[in-house]
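Residue numbers (our numbering), protein chains in the order written: chain A, 78 to 389; chain B, 78 to 389; chain C, 78 to 389; chain D, 78 to 389.
Derived coverage of chain C by chain B (criterion: at least 3 residues anywhere in the stretch with Cβ under 8 Å from a Cβ of chain B; other residues may be distant):
no., region
1, 130-144
2, 148-157
3, 161-172
4, 196-205
Some chain D residues flagged as far from chain A (calculated, every beta-carbon gap over 10 Å):
no., residue
5, D81
6, L110
7, R138
8, S234
9, A239
10, A357
Derived from the structure by calculation, the hints contain no laboratory data.
Backbone N, C-alpha and C define an ideal beta-carbon position, used for all residues, glycine too.
Number of protein chains: 4
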Amino acid sequence: MGYDERTPPTAEEYAAYRTRFCNWGRWGPDDELGTLNHITPGVRRAAADLVRDGRALSLSRPLDTRPGPSNPYPTHHFLAMPGSGGMLDYLGMFIHGFSQTHIDALCHLPTAEGLAWNGKPMAAGGIPGTHSGTIDFLAAGIVTRGVLYDIPRLRGSAFVEAGRPVHGWELADAAATQGVEARPGDAVIIRSGFDPYWEAQGTPPAFGTAAGVHASAVEFLHRSDAALLVWDQQDAPMADQGLPNPMGDIPVAMHVHAMVLPYLGMPIVDNAQLEPLAAACASLGRWEFQLVVAPLDLPGGTGSPVNPIAVL
Amino acid sequence: MGYDERTPPTAEEYAAYRTRFCNWGRWGPDDELGTLNHITPGVRRAAADLVRDGRALSLSRPLDTRPGPSNPYPTHHFLAMPGSGGMLDYLGMFIHGFSQTHIDALCHLPTAEGLAWNGKPMAAGGIPGTHSGTIDFLAAGIVTRGVLYDIPRLRGSAFVEAGRPVHGWELADAAATQGVEARPGDAVIIRSGFDPYWEAQGTPPAFGTAAGVHASAVEFLHRSDAALLVWDQQDAPMADQGLPNPMGDIPVAMHVHAMVLPYLGMPIVDNAQLEPLAAACASLGRWEFQLVVAPLDLPGGTGSPVNPIAVL
Amino acid sequence: MGYDERTPPTAEEYAAYRTRFCNWGRWGPDDELGTLNHITPGVRRAAADLVRDGRALSLSRPLDTRPGPSNPYPTHHFLAMPGSGGMLDYLGMFIHGFSQTHIDALCHLPTAEGLAWNGKPMAAGGIPGTHSGTIDFLAAGIVTRGVLYDIPRLRGSAFVEAGRPVHGWELADAAATQGVEARPGDAVIIRSGFDPYWEAQGTPPAFGTAAGVHASAVEFLHRSDAALLVWDQQDAPMADQGLPNPMGDIPVAMHVHAMVLPYLGMPIVDNAQLEPLAAACASLGRWEFQLVVAPLDLPGGTGSPVNPIAVL
Amino acid sequence: MGYDERTPPTAEEYAAYRTRFCNWGRWGPDDELGTLNHITPGVRRAAADLVRDGRALSLSRPLDTRPGPSNPYPTHHFLAMPGSGGMLDYLGMFIHGFSQTHIDALCHLPTAEGLAWNGKPMAAGGIPGTHSGTIDFLAAGIVTRGVLYDIPRLRGSAFVEAGRPVHGWELADAAATQGVEARPGDAVIIRSGFDPYWEAQGTPPAFGTAAGVHASAVEFLHRSDAALLVWDQQDAPMADQGLPNPMGDIPVAMHVHAMVLPYLGMPIVDNAQLEPLAAACASLGRWEFQLVVAPLDLPGGTGSPVNPIAVL
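Same shape as in the complex, but just chain A:
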C-alpha cells in the first residue's frame, strides 16, 4: 500500500509523513531556507537556460478589492484624503486566505505540538516565538526552474472536480505525459483549473477550496527534492482527503500545508493564476521555464503577496 501502489495514505501512513519527510536538521539547526536549499547556483543557471522564447507571464491574480463570499477579506486600496497628510495610494491587505496570490513563509503553520520549521517554537497568536521562519528570510527571492503539472490536461477534463483530488502519482504521470522530468530545486506548479472550475459553477467558490490536491502529493514533493509548491487550488477538502484533520478543531482542510510547511520546510504560493501559463505551455509544447518569486521583505511577516513571473 502507498504511493507506489497508487493508493492514498492511510491515517497511519499520513501520520508517518511527519517523520519520513521531516527535513529538520538537514541543513543545520538554524537553517531558514528549508527546501530552497535545493536551489543551487547550478539550478539557477539551468533555469535561465530555459528562457528560449523570451516571453514573460504573470502567475498572479489581480488584487481583489470587492467583498463577497469568496473574498471576505478583500484588499483595500485607498486614496489619502486631500490634506490628510498621506500620500496617494494606501494598499492594505490580509496576506493569507483563498483570494490573493501570496506566499506562505515557513512559520505560517506549526505542528500540532506548536513547533515551526526546524523545531522552532511558536508564540501566541500564530507568530513565531523567535525570529525564525518568517518571510524576510526569503527576501533574496526564489529563482529556479518551474514545471507546470497540468492535471486537467492529463485527465482530459476541464478542471479537477470535487471528489477527485490530485494525487501524488498523477504528478509523475503528468510529467511523463508532458515529457519533462522532476529535478531537485524545482518549483512544482500544480494546475487544478480554478478558473474553468468556477466558471462552470457560475460563481467562484466560497472561502475555501472545493477541489484540489490530496495529501499523497506530499510524497511526490519530498521524493523529487522540490523547492517550492505553487498551486491554483489548495488542499482538497476534508471529504476528499479521507484522513484525520491535522488542524484539530480548525475546520479547514490543510493536509498538504500541514506537512509541507513545518516538516518539509517548503514555502507555498497559494492562489496562483495558472490559465495563461497553461495556454502558453500547451502552445509551445513545453512545460518547464524560469520562475521568479520575489516576496516583499516584511520583517516578521508570515507571508507576502507575490506576483510570480514565468519566463519562457
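Here the structure of chain A is known, so what remains is to put chains B, C and D in place on it, guided by the hints.
The following block gives chains B, C and D in isolation, referenced to the frame of chain A:
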C-alpha cells in the same frame, strides 16, 4: 552647450526635453507599456544569458514599520485580534515616498497640463481620468538586462554628495569604466550610495533626497533607449538642479520624475537597496545581469511595492 | 392628497419636497449646523430635566469585525506586530454602510445637481468641494431631547415588515399613543425593530435595508422642526417607496436620506440599536429622555462612528 | 510624611499604593466597571441638574492625520478608490498614544505581575487573557458630574511647567479655590494647559508628556471616590516623579496610569482638549457640569477614541 559638452541643461533646454524626449504615440495612441516596449523577446533572452554565477540578490529595502523623520508614513504590519474575524498578518502601506522600495506606474506624475503618459487625462486626487497608466498594465513583470551604474565607484568617493548631483554623461563614463555598453531595453540602475551617505550623516535623511540625480540624466535614458530607471537616491534636490521646479508649488525636487514618467513613459523603481548588488558586481567584475521586477497586480494603482531581484 | 390625508407623496409631491422642505439660507448662507440650530440652550436644559431615573443606555451596535453578506465592509481591529513600531490596538473602519452605528455629516449626500447642504458644491469622489458640511462642524456634540417612536409597538407587531413602510403620520400616531409631543430640536428616533426582524428571518439582511421608513416621514421631520434623525432600519426599499429613485443609477433606496441631508440639513444616525431603549421606555412608561451623540472630530470626514447615549 | 503633609510619596509609599488603593473585589470578583460603580442613578441625576446654561462643549482634539515627532502614529483618513469596492471614508487609527483623545479601558495596563483589573490575567501582546477589562464593558457610556481642576489658574501661571508636576493636594486646593467639592462618582478633569505649553515652546512636545501629573494625585482620586480621570497632559515625566519606574524597562513615565488602571480600576481619558472648557468655566464662574463620555463598543478593544462632551 548641452549633454555632449557635459553641461547641465539650461531652463530652456530642460523645457525642451518635453518635446525632444516625448514618446507619446511612438508605440500607438493607446500604448500602456511605454519604454518597456524596448524589452523584446531577444532582450529577455540576452538577459537570461547573463545568469552565469547562478546567484540571486534582492534590490529591496526591508519594509519599515518604525515612524520617524525619514519615515513619516511607515508600513503597518498588524495581527488581526483573536476572534476579530481577520486572518493573521495585515500589511498596510503607502506605496510611494522615500522609504519603501516601490515602482511608480506611468500615471504617477502628470505633466503641468494635467496629462499623463500618451496624453491621457488625469482626474482629481492624483488618479487617472481613464483606465490608463496604472500599475496593472505592468503585471506581466519586467524581465530584462540590468546594468548597475556605480557612481561612487566612478568618482572614487563613498557616496554622491549634496551639491554634486549625478549627471547624464557620468552614466556614460561609468559604463565605459565598467566595460559595459548601454543597450535598448536596459534597466538603468543608478547607485548614489544611500547607505554610506546616511551612515556618514549618523542618521537617515529626513523625508526627501539630500543628494541624487540631475535632470541631465534624462537625456542618457532617452538616448540609450532604456526601459526602466532604478535608483537608491532619487532626483537631486532643488539647489542641485539649478532649474525651475517642474512641480510648481510642490516643494519636492522631481526634475527627473517629471520627464521620465509622463513624457518618456518610463516606470521608475524608487528607494532601491543597491549596496549588496554593488559589492557583488565589484567582486565578480561585471555590472550586467538579469533583473526581474514583479509589481503586484493592483487594478487602478499608481504604483506597487516591489522586491527587484538581480540574477547574476 | 398628501400627508394630512395619510397618503404617500406622488412623484410630483416628492419632487416638491426639494423646495417645500429646503432650509438653505434659513440660518445664513454659511451655516454649518442645519437643523441642529433648533437645539437652543433652552432645549438642552429641558432635555436635562428628563434625566429622572438616572439610567444611561447605549444606542450603538457593537463594532462588527466579522465579514459576511450583511457586513461586507467589516471593522478592522488589529494588534501592531510586536516590534513593529505601532501601539497596540489599530481600529480601522468604513464609516458608512448598513452595519456600524454612525452619523452622516450634512455633506454625505448631495442633490442631483451636485450640491450639498446650503448649496455648497461637491467635488469628485463624494467629498465636499469646499470645507463645508463635514463632520468636524458637529464636534461640539448633539445634546437634546430624544423621543423614541416605537412603530412595532404602535402597530402591535414584532417589527416593521417589508411592504409596509413607516409613514410620516404614523410617527404622529406613535407620539399620541405614547403621550408625548414632538418639539423643535428633538432627535426623532424611529424604531422599526431591526433585531426582531432578522431574528425572524434567521439571518441578518444582506447589505441594505429590507424594510424601513418611507419618504413621507420627511414631512413629519420638517413640520416638527426636528434636529436629528436616528433609526435602526433606514430608508424603506425601492418597492416600498413607489417613487422614482432620487439617486439615479445607484440602486440603493435613499428616499429619506436624499431629502434630509442636503435639503433639510439634518444629520442622520444610521444603524442604531434600539431594542434596549425600547424595553426601558416601555418599562418606565415614558418615551422621552436626554440624548447625547458625540461624533469624533475628524476634519473633512463625511461622518463618524458614534455611540449615542440615552439618559433617562 | 505623605499626602496630608503635602509631600510626594517615597518609593515605599508609592509601592504601598498597590495595596492601599487596590479596589479588587470591592464590587465583586467579576466586576467590570471599577470606579464607574461610584456613578449611581443619583449621581447621574445630580449631574443633569448642572445643565443650567444649556451649552455643550467638546473636550476632544481633532483627529490628526499629519505625521511628525509629536504624532508618529497619525490617524488615517482615506477615500476608497473609485470602483474599489469600499465606501467613502475609511478611518484608521491607533487608539492609544499622546495625540488622539481616547479612553483607556481597564485592561490597558497590567500590574508588574501581569494582572489586570480585579486580578484578571493578561495574555501575550498586551491583550487580556480572558474577556475582561476591555472597552466593550463601558459601552453604556459614562454620564456623571465633571469637575475641572484648573491648575494653571490655581498657580497663576499659563501652564504646568516641567519640573513642577501637579500634586494631589493641589487638586484639593483647586477645588477650594473654585468653590467646588469633590464627590463620589466625579470625573476628575485635570488641566495642565497643554496648548499654552506647546505654544510657548513653539512646537508640540515630541511623543510623550514633558510636564504633567505626579503619582501623588492617585491618592486624591482614591480618597474622593472619583469615577474617571480626564487630563490634557498625562503622567509627569520620570524626572518629576522621583520614583522608580513602575513600567520596568519601558522608558515612558506611567506612574499614575500604572496605579489608576489596574489597582483602582479607573478608566482614563488621555489627551483631552481643555482650553475651551477652562474658558467657559472661568466665564461662568463654575467648574462643575454634566460630562458624557461615549466609548465606541469595540469588542475586545483596550480603548476607544472618544469625544467627551461637557454640558454646562
